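Using full-length UniProt numbering, read the sequence shown as starting at 1 and increasing by one per residue.
Hints in this document: simulated from the structure, not taken from any laboratory. Be aware that a few hints might be false.
Said to hold, decoys possible - Listed next, with one range per pair, are the computed distances between beta-carbon atoms:
| # | residue 1 | residue 2 | range |
| --- | --- | --- | --- |
| 1 | Leu-237 | Gly-142 | 15 to 25 Å |
| 2 | Trp-508 | Glu-331 | 43 to 53 Å |
| 3 | Gly-492 | Trp-332 | 20 to 30 Å |
| 4 | Cys-129 | Trp-351 | 23 to 33 Å |
| 5 | Val-219 | Gln-378 | 23 to 33 Å |
| 6 | Gly-430 | Ile-357 | 19 to 29 Å |
| 7 | Asn-488 | Gly-361 | 28 to 38 Å |
| 8 | Tyr-128 | Ile-358 | 21 to 31 Å |
| 9 | Trp-332 | Val-108 | 36 to 46 Å |
| 10 | Trp-351 | Phe-443 | 16 to 26 Å |
Unchecked claim - Subject to a maximum C-alpha distance of 27 Å in a straight line, what follows is the list of computed DSSO-like cross-link-like pairs (lysine-lysine):
| # | residue 1 | residue 2 |
| --- | --- | --- |
| 11 | Lys-330 | Lys-545 |
| 12 | Lys-545 | Lys-484 |
| 13 | Lys-484 | Lys-330 |
On a predicted model such as this, the values are computed, not experimentally measured, just so you know. The beta carbon of each residue, even a glycine, is placed where N, CA and C say it ideally should be.
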Amino acid sequence: MALMFLQTSTELSLQRPPKCQQWGMHGEDGAERSSHPLKHPSLWSGSVKTVPSDAAAVSSRRSPLIRGDLTQLEIVVEKPPAKSQAEVAPAVPVGTPKPLRSASLAFVEVYSTLSLALPMALTGLLLYCRSMVSMLFLGRLGDLALAGGSLAIGFANITGYSVLSGLAMGMEPICGQAVGARRHHLVGLALHRTVLLLLAASVPIALLWYYIRPLLLFVGQQPALAAAASSYLHACLPDLIFLSFLHPLRIYLRTQSITLPLTLCAALAVVFHLPINYLLISVLHLGIRGVALASVWFNFNVVLFLIVYICFSGIHRSTGGLSFSSECFKEWRSLLHLAVPSCISVCLEWWWYEIMIILCGLLLNPEATVASMGILIQTTSLIYIFPSSLSFGVSTRVSNELGANRPDRAQRAAAVGLSCSFVLGLIASGFAFSVRHVWARMFTGDPAILELTASALPILGMCEFGNCPQTTGCGVLRGTARPKLGANINLGSFYVVGMPVAVGLAFWTLLDFKGLWLGLLSAQATCVVLMLVIIQRTDWDSQAKRAQQLTGAAIDGADKEALPRTINATEGDEVDTLVVGVKIEY
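Please put together the full structure from these sequences, using the hints given.
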């Protein structure tokens, strides 16, 4: 059957027979019929006439559903006279499914969110194992290599990795809402633009890393330590290129609810990571450069595996994910408008922990406090995997539903995600409290470090109780394309409230090390309260409209597959008119 598209517009005038009741119809025998009359043309009578070409052009502009040469039909439906209650037959639908209760809908949403979050959590654990393997090999190289590598990793986190990760977050609401609106070509464009953005941002970062040695010497670091850190960062320069592809690819898949392949690719890369470290360090004797090159190789493997998966799975066909075009060099405003605040928000949170380590060096017992802070940051990094994964799942669910113009479902996804985050916070808090006397023994046997860590772990647990909903709230804000709010909340909470409290309690009272963590607790408490207030006051209908504007899918109604879709209705005439987009098949 050939499919033909007419270049002119056609007006079809249909009259509804008197036995049809509204849009839902049942036969005289009580059997349920189609929910829309156009699926039963025998029930309608009318005529078809051609509209002049100029009128067709005007009509085409009225309907955003019309693309290319798709025929625009203007269907004029004449409403019958109003009937009395006695004339209307009490037709009872047969086999109509009962609507789900709110509790059932909540459980469905929990399943949808966790099906996204759990594979991401497993991926995070695999990446954490990668970091532990790298630190293990650094430790085997000696104290100087461990100190130099740790310094280089901290510097790379502050100046490079946090920036690239934050900038990549800008594409998340665009892709998520575009998937919901079924404008899949926007997903591919966002991927291409974000890759180009990260590659451009990598140039100044690479220059900074290349000249790191004189910079470290200028701030007073020991020459041997500066040389080790410089060697590590020079070997990590290719990592900027691979991360410029890896971050966007992960978001590209995650916003399409494709998470299990991410886990499998990370697992496969971890399998290769241990022998690669052994080859570069123990066989080729590359030292600290070998550890850095192994990490770079790991990210390269993940990127390679993801591209292979995308090619063979065929998901790039609908999005154009692997085919660059000149269009990706245009219309950058929406991406930059989201990427820059997202970057600021991520950097503000990452930098806080690096500042905490610097402040530890100014306390009464700097060696013990810095070591204890390192253990606690590793602990909170491990715990953070789970709320961050939940945040990714909630962000995807919220953005998909807003893109599909379903604000009620987006609100439900946010509420369910936040409820899960409080449960997760309780678990994290209980874990930190229960292991306070044994956790540090896995890292050291120094009594001073053990005592400091045990005293701070309960405070860390309370911080995590606030951090879980706060992180999930950030996911909600990303899903609604409001990263500026997240950046402002992080700035006010961590640096206006938390930092003064931490400095005051640590240096001007007897709390010392615990004072820093109490400052973090005050920052987390402020952050979660502000986040919950913002989300509670969210106008979800307004956010759905913003999503349609962001994706260019300003379409009335929620279900894009339901045809015919009502686009416009004019009133004031003798008859009501409904304008729909129709494909004519011959």
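Hint check results:
Between Leu-237 and Gly-142 the C-beta distance comes to about 24 Å, which sits within the given range of 15 to 25 Å. Restraint check, Trp-508 to Glu-331: a C-beta distance of roughly 52 Å satisfies the suggested window 43 to 53 Å. Separated by about 29 Å at the C-beta atoms, Gly-492 and Trp-332 satisfy the suggested range of 20 to 30 Å. For the pair Cys-129 and Trp-351, the beta carbons lie near 25 Å from each other, so the given range of 23 to 33 Å is met.
The hinted window of 23 to 33 Å between Val-219 and Gln-378 holds, with their beta carbons roughly 25 Å apart. With their beta carbons about 27 Å apart, Gly-430 and Ile-357 fall inside the hinted range of 19 to 29 Å. In this structure the hint that Asn-488 and Gly-361 lie 28 to 38 Å apart at CB holds, the actual value being about 30 Å. About 24 Å separates the C-beta atoms of Tyr-128 and Ile-358, a value consistent with the hinted range of 21 to 31 Å.
In this structure the supplied range 36 to 46 Å holds for Trp-332 paired with Val-108, their Cβ-Cβ distance being about 37 Å. For Trp-351 paired with Phe-443, a C-beta distance near 24 Å keeps the hint of 16 to 26 Å intact. Restraint check for Lys-330 and Lys-545: the C-alpha separation of about 23 Å stays at or below 27 Å, so the hint holds. The suggested pairing of Lys-545 with Lys-484 holds, with an alpha-carbon distance near 18 Å, which does not exceed 27 Å.
For a cut-off of 27 Å, the pair hint linking Lys-484 to Lys-330 stands: about 23 Å separates their Cα positions.
The structure meets every hint from the earlier list without exception.
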